[in-house]
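Visitor: This is what each chain is made of:
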Amino acid sequence: MGEIVFRGGLNEQDDINVDPQECTAGYNFELGIENSHFRPRKPFDLIDTATGQINGFLQLIKVDGTKTTLVHHGATVSQWDGSTFTSKGTVTADSALRGTYWPLDDELIITDIEKKTVVQNWDGTSLTTQTTGLGADLYAKYGVVHLGRVWLGNVKAGTDTPHLVVASALENPESFDTSQRAVSGTFATGSEAFFMHSPDLKPINGFTVFKNQLIMSTEDGRLYKLTGTDADSFSWVDFYGSSAAVGDESIANTGNDVIYMRKGGVIESLRSTEAFGDVETDDLSRWIRTSTEELSGADIVYDQVRQKIFFFVPSSNKVFVLYKDMLQSGLSPWSVYTTRHSSNFVSTAVTFMQSPSSTDRFVYWGDADGKIYQMDGVGASGDAGDSDIRTYRRSAFIEKDENTSIEGRVRYRRISSGTLKIQPEWADDYQIALCEVPLEAPPDGDYYNGSAYYGGEFYYNAGFYFSRRISTKGFSPVGKGPGFYLHTTVESSNDFDVIEINDEAQRIKRSSV
Amino acid sequence: MDFITGLNRLLRTERIIKGDDDDITTFDDTQHQADIELAQIAIQNELVACVADRLIGYEEATATITSVASTTTYALATDFVRFAGKQPMLYDTTNNRQIFEYRGGKDALELDIPNYASQTGDPFAFYFEPDSTKKISLYHTPDSTNAGKVYTYRYEKDVSVTTSTATIPFVNDIEAWQFITAASRRFRFMREKLDPGNLDQDPIWVDSRATLAKLLRHKNPVKLYGKRYS
Numbered sequence: 001m002g003e004i005v006f007r008g009g010l011n012e013q014d015d016i017n018v019d020p021q022e023c024t025a026g027y028n029f030e031l032g033i034e035n036s037h038f039r040p041r042k043p044f045d046l047i048d049t050a051t052g053q054i055n056g057f058l059q060l061i062k063v064d065g066t067k068t069t070l071v072h073h074g075a076t077v078s079q080w081d082g083s084t085f086t087s088k089g090t091v092t093a094d095s096a097l098r099g100t101y102w103p104l105d106d107e108l109i110i111t112d113i114e115k116k117t118v119v120q121n122w123d124g125t126s127l128t129t130q131t132t133g134l135g136a137d138l139y140a141k142y143g144v145v146h147l148g149r150v151w152l153g154n155v156k157a158g159t160d161t162p163h164l165v166v167a168s169a170l171e172n173p174e175s176f177d178t179s180q181r182a183v184s185g186t187f188a189t190g191s192e193a194f195f196m197h198s199p200d201l202k203p204i205n206g207f208t209v210f211k212n213q214l215i216m217s218t219e220d221g222r223l224y225k226l227t228g229t230d231a232d233s234f235s236w237v238d239f240y241g242s243s244a245a246v247g248d249e250s251i252a253n254t255g256n257d258v259i260y261m262r263k264g265g266v267i268e269s270l271r272s273t274e275a276f277g278d279v280e281t282d283d284l285s286r287w288i289r290t291s292t293e294e295l296s297g298a299d300i301v302y303d304q305v306r307q308k309i310f311f312f313v314p315s316s317n318k319v320f321v322l323y324k325d326m327l328q329s330g331l332s333p334w335s336v337y338t339t340r341h342s343s344n345f346v347s348t349a350v351t352f353m354q355s356p357s358s359t360d361r362f363v364y365w366g367d368a369d370g371k372i373y374q375m376d377g378v379g380a381s382g383d384a385g386d387s388d389i390r391t392y393r394r395s396a397f398i399e400k401d402e403n404t405s406i407e408g409r410v411r412y413r414r415i416s417s418g419t420l421k422i423q424p425e426w427a428d429d430y431q432i433a434l435c436e437v438p439l440e441a442p443p444d445g446d447y448y449n450g451s452a453y454y455g456g457e458f459y460y461n462a463g464f465y466f467s468r469r470i471s472t473k474g475f476s477p478v479g480k481g482p483g484f485y486l487h488t489t490v491e492s493s494n495d496f497d498v499i500e501i502n503d504e505a506q507r508i509k510r511s512s513v
Numbered sequence: 514m515d516f517i518t519g520l521n522r523l524l525r526t527e528r529i530i531k532g533d534d535d536d537i538t539t540f541d542d543t544q545h546q547a548d549i550e551l552a553q554i555a556i557q558n559e560l561v562a563c564v565a566d567r568l569i570g571y572e573e574a575t576a577t578i579t580s581v582a583s584t585t586t587y588a589l590a591t592d593f594v595r596f597a598g599k600q601p602m603l604y605d606t607t608n609n610r611q612i613f614e615y616r617g618g619k620d621a622l623e624l625d626i627p628n629y630a631s632q633t634g635d636p637f638a639f640y641f642e643p644d645s646t647k648k649i650s651l652y653h654t655p656d657s658t659n660a661g662k663v664y665t666y667r668y669e670k671d672v673s674v675t676t677s678t679a680t681i682p683f684v685n686d687i688e689a690w691q692f693i694t695a696a697s698r699r700f701r702f703m704r705e706k707l708d709p710g711n712l713d714q715d716p717i718w719v720d721s722r723a724t725l726a727k728l729l730r731h732k733n734p735v736k737l738y739g740k741r742y743s
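In order, the protein sequences belong to chains A and B. With the numbering used here, the residue at position 86 of the first sequence is 86, and numbering never jumps. With the numbering used here, the residue at position 39 of the second sequence is 552, and numbering never jumps.
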């Protein structure tokens with residue numbers, strides 16, 4: 001008996017390279033190393049709406065556990081508790097603020113991707129301009145904390161110097177120096193502030209810390225990592241040429257790796273790049289090159305809780321999602337999220353942070369209308385509470401032993417009602433017949449209310465006795481041929497769980513095309 | 514038993530519908546579309562075989578034609594197969610008058626009365642019209658005086674089934690069940706692409722047909738055999 005399971009993700013390569021458990025097209029399906037079912041992604045929830053475009057999220061969690069969340073919307077930076085916005089200051093309207101935690105003073109150092117707002121400071125109460133010790137206002141695109149210093153990349157202090165990195169004095173973020181260059185400058189202790197420029201003098205477009213290494217990317221240049229221990233010894237070591245990230249926020253620390261997108265939409269693993277150079281082992285996008293080859297950047301955010309790496313691409317109305325736990329499975333770890341909601345995943349800011357009102361952590365994103373959304377939501381009515389989710393997969397090509405039709409059964413769990421649309425795209429046939437298989441919910445039962453009370457003949461949750469029971473439905477679509485692609489679709493705001501699809505008439509075997 | 518009920522029974526017999534599957538409610542159901550289409554054909558073909566084997570005959574029905582001034586040709590009932598009885602006849606219930614086919618039909622009428630088609634008056638015969646649908650024409654063509662007459666006729670009607678609500682032509686359920694059993698075997702032969710010519714060697718199909726034939730007996734079988742000695 002042939003069967004189709006759904007363990008693998010999207011694989012756009014030639015049929016010969018597609019595992020039967022993967023799909024050759026699809027979106028909005030969930031993956032996981034323990035999952036082989038056809039399941040939808042969770043909906044995203046609309047959490048709140050601010051005035052003006054959402055330009056950034058910042059969150060300070062102090063040592064004592066005190067948490068403050070800032071939202072940069074329009075020209076305002078407000079403290080947000082999940083339902084109320086309290087203005088804490090104004091900045092240039094089209095800035096895009098980003099924060100990095102400075103542990104010594106338990107505060108955020110705030111930079112601006114657009115370099116239109118000077119470096120700020122948030123201590124949990126007040127938003128102030130960061131003291132820098134420079135004679136001019138300091139603007140910085142990127143900021144990280146590394147080896148006890150605040151490092152600012154792609155800066156402007158009077159003159160715009162996008163290729164420049166300025167590092168604060170050791171343990172003192174209020175002391176910067178744009179006159180003393182690392183190594184060649186004059187340093188008494190090596191703890192002084194200094195500057196460095198990118199070796200290729202190209203603008204810096206990526207900055208992150210990974211395993212106690214500072215990684216920098218330059219525009220159309222390459223990746224560099226910092227070596228050395230103090231102002232007298234710091235220098236940049238480069239990776240191979242054309243290894244640089246594209247876009248302004250296309251590099252992200254994912255715990256045990258750094259993922260970045262480079263030219264041509266190639267998504268790479270820094271760890272593999274470092275070990276193997278520019279070879280296919282480091283190309284994480286090799287399964288989905290057709291979809292990513294036109295991309296010129298993405299906002300990358302890593303969900304540590306759910307082990308998913310999101311690539312928000314506003315220009316494509318999609319979010320590419322890499323399931324980290326699938327990377328060693330040999331199967332494609334990719335899904336693609338789309339939405340029928342009016343937001344269309346056109347994000348203006350993304351982040352991974354704690355909920356303002358709890359300690360749960362999620363990916364949040366905002367849009368041009370001031371709306372704030374939370375991925376992996378709990379809503380029961382689809383995306384943002386009003387849009388069904390269309391979950392779709394197209395299988396690898398499946399050969400049939402003879403020129404016969406399909407006589408199949410769907411095995412699923414009773415969670416909620418819906419319709420599974422099965423469409424075999426037959427070779428040698430012009431039609432794609434539609435077969436609608438109803439997925440049924442558990443039957444109704446008695447619920448605690450009115451005359452139904454716990455005890456006696458009623459028991460709490462009696463109605464859920466059949467919930468998640470395994471059930472089967474047969475199907476026999478018209479058409480036949482030497483093989484087919486199987487399209488499976490569910491459009492619903494409800495959860496569903498299709499375990500497998502069997503062809504009882506014929507053994508399904510992997511295509512030998 | 515209607516067509517869709519019989520089809521559901523066939524699909525359950527053949528384990529197409531099983532477990533959690535619901536009955537088919539419409540022939541447009543896409544979930545089992547391929548099997549529904551095949552099952553419909555299997556039932557229809559089995560019905561044809563039963564009629565051809567004279568297991569069941571055509572059913573009798575009545576219909577009417579109402580004469581219209583200057584209208585010669587009238588359509589017969591859509592399920593008309595042939596006139597019932599020994600002789601085709603239209604009966605004018607109001608005037609208690611019978612109208613029979615013109616002896617020799619339209620060909621003879623053409624030769625006997627060249628201007629038959631333009632003669633009007635009180636119809637006293639009819640003839641068949643060779644057409645793609647079943648029609649008869651009245652001779653004479655009714656005039657205004659003779660318009661509005663209602664002619665009744667008995668006919669044998671087609672017992673085939675096409676719509677989901679069409680009745681499978683068996684009087685009671687056990688006959689219909691047995692028929693479906695035979696149709697199920699025919700369905701299996703078609704589905705598995707076996708030679709339908711070998712159906713009469715399938716013991717289950719043969720047994721189903723034999724049982725159906727016994728059920729369709731109109732009279733009780735004779736209980737006594739041999740001579741009675743008074």
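Hints may contain errors.
To be verified - Which chain A residues face chain B? A few, computed with CB under 10 Å, are given here:
(1) T404
(2) R414
(3) I422
(4) E436
(5) T472
(6) V478
It is worth saying that the hints were derived from the structure and are not from the lab. Every residue gets a Cβ at the ideal spot worked out from N, C-alpha and C, and that includes glycine.
Visitor: Each of the hints needs a verdict: does it hold here or not?
Guide: Evaluation of the provided hints:
1. T404: This interface hint holds because 8 Å falls under the 10 Å limit.
2. R414: 9 Å, holds
3. I422: Holds, about 9 Å.
4. E436: This hint holds: E436(A) lies near chain B, its Cβ roughly 5 Å from the closest one there, short of 10 Å.
5. T472: 5 Å, holds
6. V478: 5 Å, holds
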